[in-house]
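Given chain E, work out where chain H should sit, using these hints.
Each chain, written out:
2 protein chains.
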Amino acid sequence: MGVRLELSDDLVTLTRAVCDVPSVSGDEGALADAVAAALGGVGHLEVLRDGDAVVARTQLGRATRVVVAGHLDTVPITGNLPTRLLDQDGEAVLWGRGTVDMKAGVAVLLSLAARLDAPSSDVTWVFYDHEEVAADLSGLQRLVEHHPDWLAGDFAVLGEPTAGGLEGGCNGTLRALVRLHGVAAHSARPWTGLNAVHLAGEVLRRLEAYEPATVSVDGLDFRESLHAVLISGGTATNVIPDECVVTVNYRFAPSRSVADASQHVREVFAGHDVEVVDAAGGARPGLDHPAARRFADAVLAVTGGAPSAKLGWTDVARFAELGIPAVNFGPGDPLLAHTADERCPVRQIEQVHAALRAWLTA
Amino acid sequence: MGVRLELSDDLVTLTRAVCDVPSVSGDEGALADAVAAALGGVGHLEVLRDGDAVVARTQLGRATRVVVAGHLDTVPITGNLPTRLLDQDGEAVLWGRGTVDMKAGVAVLLSLAARLDAPSSDVTWVFYDHEEVAADLSGLQRLVEHHPDWLAGDFAVLGEPTAGGLEGGCNGTLRALVRLHGVAAHSARPWTGLNAVHLAGEVLRRLEAYEPATVSVDGLDFRESLHAVLISGGTATNVIPDECVVTVNYRFAPSRSVADASQHVREVFAGHDVEVVDAAGGARPGLDHPAARRFADAVLAVTGGAPSAKLGWTDVARFAELGIPAVNFGPGDPLLAHTADERCPVRQIEQVHAALRAWLTA
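If you read the protein sequences in the order shown, they are chains E and H. Each step along the first sequence adds one to the number in my numbering, with nothing skipped, and position 179 is 179. Each step along the second sequence adds one to the number in my numbering, with nothing skipped, and position 344 is 344.
So here's chain E without its partners, still in its complex pose (with noise of 0.2 Å):
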């Protein structure tokens, strides 16, 4: 007897129900099965399936067709589970896993699914699962291999957590090690080898050294990094180490290609080893598109603000590599996505809400 969800209750308590649903990557199968069963109710929807990816979509002959996409997993869960509805200064907030990545804006999403019988362009919801985890797994990289035509568009929605402002594009993410080689040796006689540990230093004064970019792309400032995230060294505390390994991420402007970034990362580490282990190429905001330009005028008049840059890494990258515009609008502050206090203004929700809705009826 699986979960029911209500598409017709109010923004909150779908929310609360949709989070309430554990659906740690792997595990989506649950939330998927209620989001199928409650969206196969609707009767102005096509529903398909693939695994535990969802996609539903109207088909009005309409001269455009756009796609609002949403993961439906989330990282694990840390005692941050059942959701609670808190007032915090007066403000009612939802606590808990998948309030901000990306729960509530799926919420959002499957609301605005089945009230809207008559949108203005074609619709192509998505609800897809692995997305917190290695690329290799990703539900939607999986759909735009069985059934590319699911994914078809002019113009595409992401829902992921930017605290209910438009953010355009994202950053590419390159992950590289710096190996640093020397000569092992007993340390009570230091000499007669070469500690790889203080070479590594140098790697560490160069990453400490650098003046990280920030480019504009399409209009949109975007702010480049280059940091080490792990580094290893020795075997035993009376051996000098032979080796060293610096893991660095460097996080770069969409208006590089992958070779480009990889060739800037063996630059700033040049004499040492570098291997690049893991790149994925970033997306431009294509504001300038006009699908894009309609978006966001209908979401700005709602919201005010203005588009910023998206600095992590997320699935519009996916959208750009089909040749379609995508842009990121969710509930949610990404500063809180995957800590244990994950939390969401529950007037975010409803403004990203009326905003979509406001876009979706022009």
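Hints in this document: simulated from the structure, not taken from any laboratory. These figures come from a predicted structure and were not determined experimentally. Hints may contain errors.
[Claimed, not checked] To spell it out: a stretch of chain E is covered by chain H in this simulated footprint if at least three of its residues, at any positions, have a beta carbon under 8 Å from a beta carbon of chain H; those stretches are:
no.: 1; region: 175-187
no.: 2; region: 199-205
no.: 3; region: 308-322
Glycine is no exception: its CB is placed at the ideal position from the N, C-alpha and C atoms.
Chain H in isolation, oriented as in the chain E frame:
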């Protein structure tokens, strides 16, 4: 049915027999049994035992008593047993685990213990377990605690490998953790955190700039050193590390106390979180002591050369704590200790045997 050692065998045969009984730390029983049985058959010795430590002593009523000691255990075997007798550029060399550290020395001691029925000083021969592992397991320390009288003497010689040279005293050794504290953040927005691995750059810089002292103690030069032996930081490739730990090893001259050495390390890393986790003081060479002087004169008359400082920590420091001057003197190049290619020239074994014999019969 245990292994049988023939103490009247030539040194090569006896060394090979001792090496070919595996006795990795914790597994010294078979060798200790064989040593106790062989020494038990020597009329002029009283044999005592505590666990896998065996003590054999003369009771001749001499004016002085010397302690001659060696450990029975080795580091793990890495395909380097049984021993082989090789010809290396015309020189006979014994190859295999323990030939350096320190079963050739043990064989020399066993051979002398059996033969010298009228030494010029009373002699206490000590063979002990658990030298190559954590200090709290040390068989010699156990004897200090259970039977301090068994170790009484005016002077001690430790048969640790010195390549047949006379090495006085030993450096102390200290291990400290230098912990850098940062603030975790998502690596897409590193400026919202503080990177603890980058902070470690300053620690490595101080290690690179560190100019180790060479300290003359009782006429011998003790070369000091301060090196990172381990480094670790970071938890995931998309998180700015909030902690980095550098483990440093300080080898310090025996003129410094552990307290002085700890203070020095704290000063080198002033401003950082430093925790001393392990320390053992060194031992002054004590070559100004009359008994040590007599030893040096006797053995250098056979070997030539001059005394030098022992840089690795050895159990001479335990004798120093008991107030007994002690030196290191044994066959085998210490740089080959613990290596898979451990090997010792037969000539060194014979020369150490001749030198100790000359000393004990002078």
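Quiz item: Hints broken by the structure, by number, lowest first?
Solution: Result: no hint breaks.
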